[in-house]
Amino acid sequence: MSTTHDEVSSLADGPSVPARRPVRFLRNWSAKLATVPMIATALVIFVGCTGWTVIHSFTNSKLLPKLNWAGLDQYRRLWSTPKWYVSIENLAVFGALSLIFTLVIGFVLAALLDRKVRGEDVFRTIFLYPFALSFIVTGLAWQWILNPELGLQSVIRSWGWDSFTFDPLYNARIVIYGLLIAALWQGTGLVMCIMLAGLRGIDEEIWKAARVDGIPTWKTYTHVIIPMMRPVFVTSLVLIASGIVKVYDLVIAQTGGGPGGASAVPAMYVMESMFSAQNLGQGFAASTMMLLSVVIILIPWAYLEFGGKKRG
Amino acid sequence: MISVREEKIVRLTTSLLGATALCAATSASALDFEVTHWWTSGGEANAVSKIAEAWNATGNTWVDGAIAGGGDTARPIMISRILGGDPMDAFQFNHGRQAEELIEAGLLLDLTDVAEEQGWKEKINPPSLLDACTYEGRIYCAPINIHSWQWMWLSRKAYEDAGLPVPTDWDSFIDSADELRAAGKVPLALGGQPWQATGAFNVMATALAGEDAYLAVNRDKDAEVAGGPDYAKVFEAAAVARDFAMGSNVQDWNQATNMVITGQAGAQIMGDWAQGEFALAGQTAGTDYDCLPGLGEQAVLDAGGDAFFFPVQDDPEVTAAQKQFAAMLLSPEVQVAFNAAKGSLPVRGDVNLESVNECTKKGLDLLAAGNVMPAGTTLLSPDTTQQINDLMTEFWASDSMSAADAQARYAEIIANAD
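These protein sequences, in sequence, are chains C and S.
For what it's worth, my numbering labels the leading residue of the first sequence as 5, then goes sequentially.
For what it's worth, my numbering labels the leading residue of the second sequence as 877, then goes sequentially.
These are calculated hints, taken from the structure and not from any lab test.
Computed from a predicted model, the values in this text were never measured in an experiment.
Worth double-checking, as some hints may not be accurate.
Partner residues aside, some chain C positions facing chain S, computed with beta carbon under 7 angstroms [as the list claims (entries may be wrong)]:
no., residue
1, K87
2, G262
3, G265
4, A281
5, Q282
6, N283
Cβ coordinates follow ideal geometry from the N, Cα and C atoms, glycine included.
Next up, chain C with everything else stripped away, as it sits in the complex (with noise of 0.2 angstroms):
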């Protein structure tokens, strides 16, 4: 880890260093040079671009991206847009709930696997199985499944239960729990996965401690276990988070936005804005938003976790 870092510094710092430090900086020359193609991508594509695209947020680009200055318009519509209300309402209650729930149902499943089950081969490829699915292929089997014609809710009225109603894609106050319901069948099973490679790592020993203390089970996993597991934890809120900040083609898959674009997303308002409107100023207004959302959540924390002290 140390080492990395230092090689990291090094390169930032440029010019100066090889003056000083010629041998150093030619040490692992060849590994270097590897990475340059990376490093390259990485300053066009996403610094570049993304410098592009705030630019031209601020001008009034329809089809084609031009630099007519349009000031702050962009921002301004994009705020008095109902639908982006609505689109970043959604983003935040499925983002709240699904990062909520595939932690814990994902650390949960984890645990009780954990707990040496009889064919837990078997558990852990049916809870990882969804995974191996795409968005597009999850968001149109949920569709079908609570299709209230052809889905859950026929099912359960051909059973006999005639006034059984759950058509969450259809009902505009409640689509986006429908949403949920899908992401987290998708996603609950890789968290699972991390969270038992984590469990797995734990030291048979402080089980073994905590039980000659008398400590219960439950409690072990509360005060000591958990807290053992942060960078697992880190590791997974990562992940979650950076597939809710994108979610995209589940939508598109299950409702299209629908009904009544009560399922929009901000990614789709982009989208949306972009090629069927033909209006870029506007898409890239929103994207820069998206942009700054994250920067705004992901700074302090990068600075807790990485600035404040350094880890081995």
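Model the placement of chain S on the given structure of chain C, informed by the hints.
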């Protein structure tokens, strides 16, 4: 994409089979002409195959680039291919303002010489169709058909099942809608795609508020009319129609048409392209289904439709083929074969459809009588259209948004329209 793959296959066969494959290679390069369009429903696919047949008969090869999911899905794909340097040879668009910027950027082929040679100016009726293809005096697209939105399709079976007379205007439709619902039918079929809600609304606007009010809003962007009493009537009517559309639970327009065809639904407000679906299902106008232009109130048709545009390409051979294709689209044979299958009207005043059904005849009569107004796509920018689509789909799907709220937001969009 397809041509690249074929080229690869050709190259592979060349190396494997030598001389034999050389012939294949030359024939493949004769000219693969890729045409992208979003005509994928049964009736539409049938119609587009007529163009393909005519094109293949000229010795060129039609490469079909159909994109499923309607114009809203297809247009971004087409535009990104053109901008991304992988243009198709021809593509379908609704004429009007959608292609404005592509023309400005010099990405589309100038067809003025073809138009002059073929005398489009004299032949195309109504002339507004050619105007919609004209940008700064040059012609950039070839109109292929006339479509109008202002139609309501009624299922005789649904009304017979319910023991009701088939409505003859909007009011009698409203009056019988509750009884139709009681008979287990959805009175008004409406698909979930946003453009369908907007379209139905605009039809109600022309029928109930009148042509003048419609043009004041859509052409002159008069927010006062949009917020005024004429449009208030339209929003009230739309709020009523919204209840009648509950329970449609379909996405695509042709699924909604199918509900009318099978008698599950009483009516659908949809453009005359729906006729292609009725025809494909073997139904006859006047015996299986009825049509009400302008909802049986004020019948004015908007002469919109489809047109083909041609991206500029370097290869002069392709350019020649593009011009040949453009000329072919307006030939009397293609006009008749295509429009008969699609349920649309020909763009030339001088061709006759051999067998015209009752509904098409009504349309032709209205056209001849000059009850024509410019289409929405030629008046509003895609940006404004998208905003209206968003509002309409929210309004039609909502059970809580009031007509007054929707109208206030509508007036605001019109006030800010470009």
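Evaluation of the provided hints:
no.: 1; hint: K87; verdict: holds, 5 angstroms
no.: 2; hint: G262; verdict: holds, 5 angstroms
no.: 3; hint: G265; verdict: holds, 5 angstroms
no.: 4; hint: A281; verdict: holds, 4 angstroms
no.: 5; hint: Q282; verdict: holds, 4 angstroms
no.: 6; hint: N283; verdict: holds, 5 angstroms
Of the numbered hints listed earlier, not one is contradicted by the structure.
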